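Can you make the complete structure from the sequences, with help from the hints?
Take 5 as the starting number for the sequence shown in the numbering used here and just add one per residue.
If you are wondering where the hints come from, they were derived from the structure by calculation, not from laboratory data. Computed from a predicted structure; not experimentally measured. Fair warning: there could be bad hints in the mix.
Okay, the calculated beta carbon distance ranges per label pair [as the list claims (entries may be wrong)]: (1) Arg-38 x Pro-143: 43 to 53 Å; (2) Ala-44 x Pro-118: 18 to 28 Å; (3) Arg-160 x Asn-45: 26 to 36 Å; (4) Gln-105 x Ser-36: 12 to 22 Å; (5) Ala-142 x Ser-36: 13 to 23 Å; (6) Asp-145 x Ala-83: 38 to 48 Å; (7) Arg-160 x Ala-32: 40 to 50 Å.
From the three backbone atoms N, C-alpha and C, an ideal C-beta is built for every residue, glycine too.
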Amino acid sequence: MRVTTLGEMATGLAHEVNQPLAAIAAYARGASVRIKGGKANWDELAEVLDRIAEDAHRAAEVVRRLRQFGKQRETDRSAVDANELVQEVCRFVAAEAAHRQIVVTLKPATGLPPVLADPIEIQQVLLNLILNALDAVAPMDATCRHVVVRTRATARGTVEWIVDDSGPGISANLKEQVFEPFFTSKEQGLGMGLAISRSLVESHGGRIWPRRSKWGGASVGFSLPIMDGPQGRSLCVGGARQ
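So this is what it looks like as structure tokens:
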């Protein structure tokens, strides 16, 4: 992540750390409800505790990366499976989605080539897009709350992640503004999520875009270049072959 002012850096820190903390709170709340209702299952509670530990680790990873801000270093990039990242992030948001009575549907493509990426950073992008989708559909009628996460390979030598929702969508005149720092349509939003996401995606040689979903809501996707051979070099940058 790269921000240009101390104010933006502090806001970005709050945003990135708040996401796993919110998931921890949701898991803890769900476990408390089950215990108080006498419906506690030890195996389920053990799984919840494991997920809380995972999110605590993710928060610690965010802080660790931000402590390196300003230092000249390469990010921790490796061969990444696009579908594994999606599945892991969806596990993070499962409790929050269930609490809001929203079903998140996965539509992963098969046989995707790996991409060279920092998995923590790309998880942050996916998590932000999915949480935005949950926020968008939450006010809708329960039968109209659709969130779909898709992956696919393209002929341009990239892998794409796409998050579709059935919310109110993004108006045409705001499609570029949504990626600007501090722009938000949420009452309690910081307006940094998509700005940070764009910065992370572009630092990987990728691109991110907003469109309209088939339900008329938002469809936000991003792409990263696939890996080229065992050396792990990206095949293309910004959608163009090298």
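Taking the hints in turn, this is what the structure says about them:
1. Arg-38 x Pro-143: 43 to 53 Å: Violated: the Cβ-Cβ distance is about 26 Å, outside 43 to 53 Å.
2. Ala-44 x Pro-118: 18 to 28 Å: 40 Å, violated
3. Arg-160 x Asn-45: 26 to 36 Å: Given about 47 Å between the Cβ atoms, the range is violated.
4. Gln-105 x Ser-36: 12 to 22 Å: 18 Å, holds
5. Ala-142 x Ser-36: 13 to 23 Å: 21 Å, holds
6. Asp-145 x Ala-83: 38 to 48 Å: 42 Å, holds
7. Arg-160 x Ala-32: 40 to 50 Å: 43 Å, holds
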